[in-house]
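Participant: Using the hints, put the two standalone chains together into the complex.
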Amino acid sequence: MNVVTIAVRNVTRNKFRTTLTVIGVAVAIVAFVMLRTVVAASSIAVDFAAKDRVASRHKVSFVMSLPRHYIDTLRNIRGVRAATWANWIGAKDPRDPDNFFATLAVDPESFLVVYDEVSVSAAEREAFIHDRQGALIGDVLARKLGVKVGDRITLQGTIYPGDFTYHVSGIYRATRKSFDRSTFLVHWDYMNESLPEARRDQIGWMVARIDDPRHAADITRLIDRTFENEDAQTLSMSERAMNLSFMAMFSAVLGALDVVSIILLGILLMILGNTVAMGVRERTNEYGVLRAMGFLPRHVVFFIVSESIVTGALAGVLGLGISYPFVQLGIGRWLEENMGGMFPYFRIDPVSAVAAFGFALVLGAIAAVLPAWRASRLTVTDALRRQD
Amino acid sequence: MSEDVKKTDAAPLVELRGVSKTFFRGNEPIHVLEGLDLSIAEGSFEALMGPSGSGKSTLLNLIAGLDKATKGSVKVAGHELMSMSDAQLAKFRSENIGFIFQSYNLMPVLTAAENVELPLLLTKLGRAERRRRAETALRVVGLEDRVGHFPRQLSGGQEQRVAIARAIVSDPRILVADEPTGDLDRKSADDVLALLARLNTELHKTIVMVTHDPLAAERARVTHRLDKGALAA
Chain P
1 MNVVTIAVRN VTRNKFRTTL TVIGVAVAIV AFVMLRTVVA ASSIAVDFAA KDRVASRHKV
61 SFVMSLPRHY IDTLRNIRGV RAATWANWIG AKDPRDPDNF FATLAVDPES FLVVYDEVSV
121 SAAEREAFIH DRQGALIGDV LARKLGVKVG DRITLQGTIY PGDFTYHVSG IYRATRKSFD
181 RSTFLVHWDY MNESLPEARR DQIGWMVARI DDPRHAADIT RLIDRTFENE DAQTLSMSER
241 AMNLSFMAMF SAVLGALDVV SIILLGILLM ILGNTVAMGV RERTNEYGVL RAMGFLPRHV
301 VFFIVSESIV TGALAGVLGL GISYPFVQLG IGRWLEENMG GMFPYFRIDP VSAVAAFGFA
361 LVLGAIAAVL PAWRASRLTV TDALRRQD
Chain S
1001 MSEDVKKTDA APLVELRGVS KTFFRGNEPI HVLEGLDLSI AEGSFEALMG PSGSGKSTLL
1061 NLIAGLDKAT KGSVKVAGHE LMSMSDAQLA KFRSENIGFI FQSYNLMPVL TAAENVELPL
1121 LLTKLGRAER RRRAETALRV VGLEDRVGHF PRQLSGGQEQ RVAIARAIVS DPRILVADEP
1181 TGDLDRKSAD DVLALLARLN TELHKTIVMV THDPLAAERA RVTHRLDKGA LAA
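If you're matching them up, the sequences are chains P and S in order. For the first sequence, position 371 matches number 371 in my numbering, and the numbering has no gaps at all. Throughout, my numbering is defined as the position within the second sequence, counted from one, plus 1000.
Keep in mind the hints are simulated off the structure, nothing from the lab. Zero decoy hints are in this set.
The following label-pair restraints were derived from C-beta to C-beta distances:
#1 P:281 <-> S:1031: 30 to 40 Å
#2 S:1150 <-> P:326: 35 to 45 Å
#3 S:1051 <-> P:379: 23 to 33 Å
#4 S:1053 <-> P:259: 51 to 61 Å
Ideal placement from N, C-alpha and C gives every residue a C-beta, glycine not left out.
Isolated chain S (complex conformation) (with noise of 0.2 Å):
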C-alpha cells in the first residue's frame, strides 16, 4: 500500500478483506472496488484520495454501512457489516458512526441546536437530556453563541461546524466525512480540519475522511490513494 503511515499502533477499528463492489448499469456490470483490504486503527485520523470514479465515496460508504459490499468482509467497531439486516445497519450507523458532509445538509428549519440534536432522537434520552448534549457539542466545535440560529444564518464553515457537532453528539466511535471542506473557502476549510484534528487527538474520534484536497489529507496521519476501485501500490 502507498499509504503515508505516519504512525498508529492501535487495534483495527476498522478491518476490510477482500472486498469487491459491483454496480450495474443495465445488465452492465461496473467494478468500482476490487478484493479491497484496509486496516484503519481506532483512534487514526486517515484520508482516502484519488481520481473522481476512483471509488473513494463507496469505499466511505461500506464502511460507514450505508452500502454492502459484492463480496468479502467489512468488520467495523466489531460489527461484520456484511451480515447485518437494514435495520440494524441502521441502529449500528446511529451508536457508532458521524456523518459529515460535503454540502453539511442540515435541516433549514431547525435551529443550530436542534439540528445537532437530531440523531439523539433515536436514544432513549429525554428532552432535557438532548438538549444539554447538543449544546455540549455545539460548544465543541465553538458555536455555544449559535444555538438559535437558524442554517440560513449561519456562513458556510460554521453550517459546517453544526454539522460536526451534530455527527459527534452522540459520541459515535467513526467520524466518516465526505469531502468536508469542498463547499468552503480556505480559511473556513482550514478550520473545520483542525476541527476535526482536535476530535481525533482530543476526544480520540476515528475519522475516515474523502477529500480531494492534499491541504485537507495532510492532517490526517494516513492517506490511502485509491485508482480504479484499488489502493494504489
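So here's chain P without its partners, still in its complex pose (with noise of 0.2 Å):
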C-alpha cells in the first residue's frame, strides 16, 4: 500500500456518486471530442491542401463562369506546370434526390494529372478518359450509390437541364485526406454539347500545378495580371487560400464552437469540483485523523487532489472509449457518405484526443485545488471536531 493506493481506493468509496461523476464528465469529454473533430475535420482541406497548386475563379464571384480559352492561357504562363478546369452542375439521383454529392464536369486527363491524388487503377483510369459518359466515383459515394464499375447510371440535371446516363468507369480512392471521396466526375465535353450554343464553352474554374510553392504568390499575381484587360478577371490563389477563404464562410460557426468547447470545460470543471467538495465535507474527521497520526497539509492535498485525479482520468478514459466508436464508426461514416464536401474525412484528431484526455486530468486537479486548500488550512483539532 501507498499513498496513491489510498487515493485510488478512495474514488470507489461511494460508487454511486462516482458513477455519476465518470458518466457526466465523460459526456462531456464525448461532446467536446465531438466539437473539436468538427473543428479539425473542417479545416482538413486547409491542413492538407496542395502547396504547389492555385486556383482561379470570376474576379466577381465563384457562381459567375470564366471562358474555356482562358485554360490555354493558363496553361503557356511561366512556372505552370499543368492546368485543368472544373464546373458544378449540380445533378442528383432521381432515386435519392435529397442525397446530396458533388457533381463536377472535368477535363479527365489533366484533371488526373493536377489531382494526382485521386487514385485510380491504370485502367479504370483509361476507360475515364476514353469514355465521354464516363463517370469516376469516389469510393464512399460509389458504395453509398450502390454502384460498380461497369453499371450504368442515370442523374437528374439541374444547371445542365435534362437527364443524363454514365457509365461507371472507375471508382477512385484519395490518397490526401482534403480530396472528397463522395464526388461524382464526368466529362465537361459530354456536359457542355448539352447545354444551348449561348451556354457553352464556359467553366467554372481553373486550377493549376505550379513547378515551385514557392512562387506560388507571384504566379497568382501573375495569372491575374494576364486577365485583368478581359471581359471576365480572375481571382487567385494558392489552393489552401482558396479552401481558406471557403471556410471563412462558417468562421462564425467554428468560432462558436470554441467557445461551446470552452463551456464544456467548464461544466466537466464544475461537475468534479462538486463531487470532490462533497467528498472532502464527508471526510474532513478522516483528515483530521491523518493529521494527528503526522501526515502533514501537503499529504491532505495530495490525498484529494490524486482523487480528483484519478476521477477525471477514468471519466478520460470512458469518454474516449464512447468517442471513437461513436465518432470513428458511426457518425463520422455517416458525415463523410452523406456531407463529404464539407467533412471529406471526419476522424477524431489524435490531438483532440489527447487533449480531451489531458483536460480531464488537468481539470481534475484544479477542480480539487480549492476544496484541498480548505482543507488543508483546517487545524488538526478543528478537522477532528467535524463528523458529517
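Facilitator: Right, dumping it as C-alpha cells:
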C-alpha cells in the first residue's frame, strides 16, 4: 500500500456518486471531442491543401464562369506545369434527390494530372478518359449509390437541364485527406454539348499545378494580371487560401464551437469540483485523523488532488472509449458519406483525443485545489471535531 | 490534586506547568484550562475524568501536540511543544504519540492491515517491512485472523482493536485515548480496556485516557479529575 493506493481506493468509496460523476464528465468529454473533431475536420481542406496548386475563379463570384479558352492561356503562363478546369453541375440521383453529393464536369486527362491524389487503377483511368459518358466516382459515394464499375447510372440535371446517363468507368480513392471521396466526376465535353449554344464553352474555375510552391504568390499575381484586361477577370489564390476563403464562410460557426468547447470544459470542472467538495466535506474528520498521526497538510492536498485526478482519468478513458466508436464507426462515416464535400475526412484527431484526456486530468487537479486547500488549512482539532 | 495514585516512581514523561488554554467565541474568551500543572510518569496509565466541558479533551490535545496552550509549558518526551512549529509537531506526533479515538476512525476503503500500516507511510520503511509490522501489531491485539478484513466486516470491538494496533504500530512512547470505550458495549469495552492495560504492563506504553466511564478509569493507575479547567483538589 502507498498513498496512491489510498487515493485510488477513495474513488470507489461512494460508487454511486463516482459513477454519476464519471458518466457526467465522460459525456462532456464526448461532446468536447465531437466539437473539436468538427473544427479539425472543417480545416482539413486547408491543412492538407496541396502547396503546389493554385486556383483561379471569376473575380466577382464563384457562381460566375470563365471562358473555356482561358485554360490555354493559363497553361502558357511561366511556372505553370499543368492546368485543368471544372464546372459544378449540381446533378442529383433521381432515386434519392435528397442525397447531396458533388458532381463535377472535368477534363479527365488534365484533371487526373493536376489532382494526382485521385487514385484509380490504370485500366479504370483509361476507361474514364476514353468514354465520353464515363464517370469516375469516389469510393464512399459508390458504396452509398450501390454502384460498381460497369454499371450505368442516370442523374437528373439542375444547372444542366435533362437526364444524363453515365457509365461507371472507375471508382477512385483519395490519397490526400482533403479530397472528397464522395464526388461524381464526369466529362466536361459531354455536359458542355448538352447546353444551348449561348451557354457553352464556359468553365467554373481553373486549377494549375505549379513548378515551385515558393512562387505561388507570384504566379497567382501573374495569372490575374494576364486576364485583367479581359471581360472576365480572375481571382487567383493558392489552394490553401481558396479553401480558407471557403472556410471563412463558416468562421462564425467554428468560433461558436470554440466557445462551446470552453463552456464544456467549464461544466467538466464544475462536475468534478462538486464531487470533490462533497467528498472532502464528508471526510474532514478522516483528514483530521491523518493529520493527528503526523501527516502534513501537503499530504492531505495530495490525497484530495490525486483522487480527483483519478476520477478525471476514469472519465477520460470512458469518454474516449465512447467517442472513438461513436465517431469513427458511426457519425464520422455518416458525415463522410452524406456531407463529404464539407467533411471529406471526419475522424477523431489524435491531438483532440490527447487534449480531451489531458483536460480531464488537469481539470481534475484544478477542481480539487480549492477543497484541498481548505481542508489543509483546518487545524487538526477542528478537523477532528467535524462529524458529517 | 485529588488523584487516585496507585504508585509510580518513574521520571515524568509528560510535564505541564502553568498551562492555560483560552478559546474565543467571537470576541468572548472562554477559559478552558487555567494554570494547570500535571506530571505523568513514563509507563503510567492515567485517566482524565470530569464532566463535559471540563477541559479533558483539550488537555489531551495539548499533551498529544494537536493543539497549543495559550500560556505555560508543555513538555512531552523531552520536547517543549510550545516552541514547536506545526511541521515539527506533526513529526513529534508521528514519532511519539499513538491515537485511539472514540469512533475508531478507520478508513473504510482500507483493510485492517492497511489501516494499521497507515502511520508507517510516514517512515522510510519498505513495503514488506511495513506490512510485517502491521501484521505484528494486529497479532498483539489478537486480530491476526482479520488482516484482510475491511472495517465494515468487523465488530465495534474489533474495529477499536484495529485502531489500537494502528496506534502502537510505530512504537510510540505515549498512547492517548479519547473515550476509547464510548461506543462499545460492556463486554467489548472490557476487552479493549484489558488490552490497554496489557499494553501498559507488558509493552510499557504510557497511556493517557479521557473517559466518562468509572469502570474504565478503574483500569488506570492514576485518575485525574478535572472541573472547570482545573484539576480538582
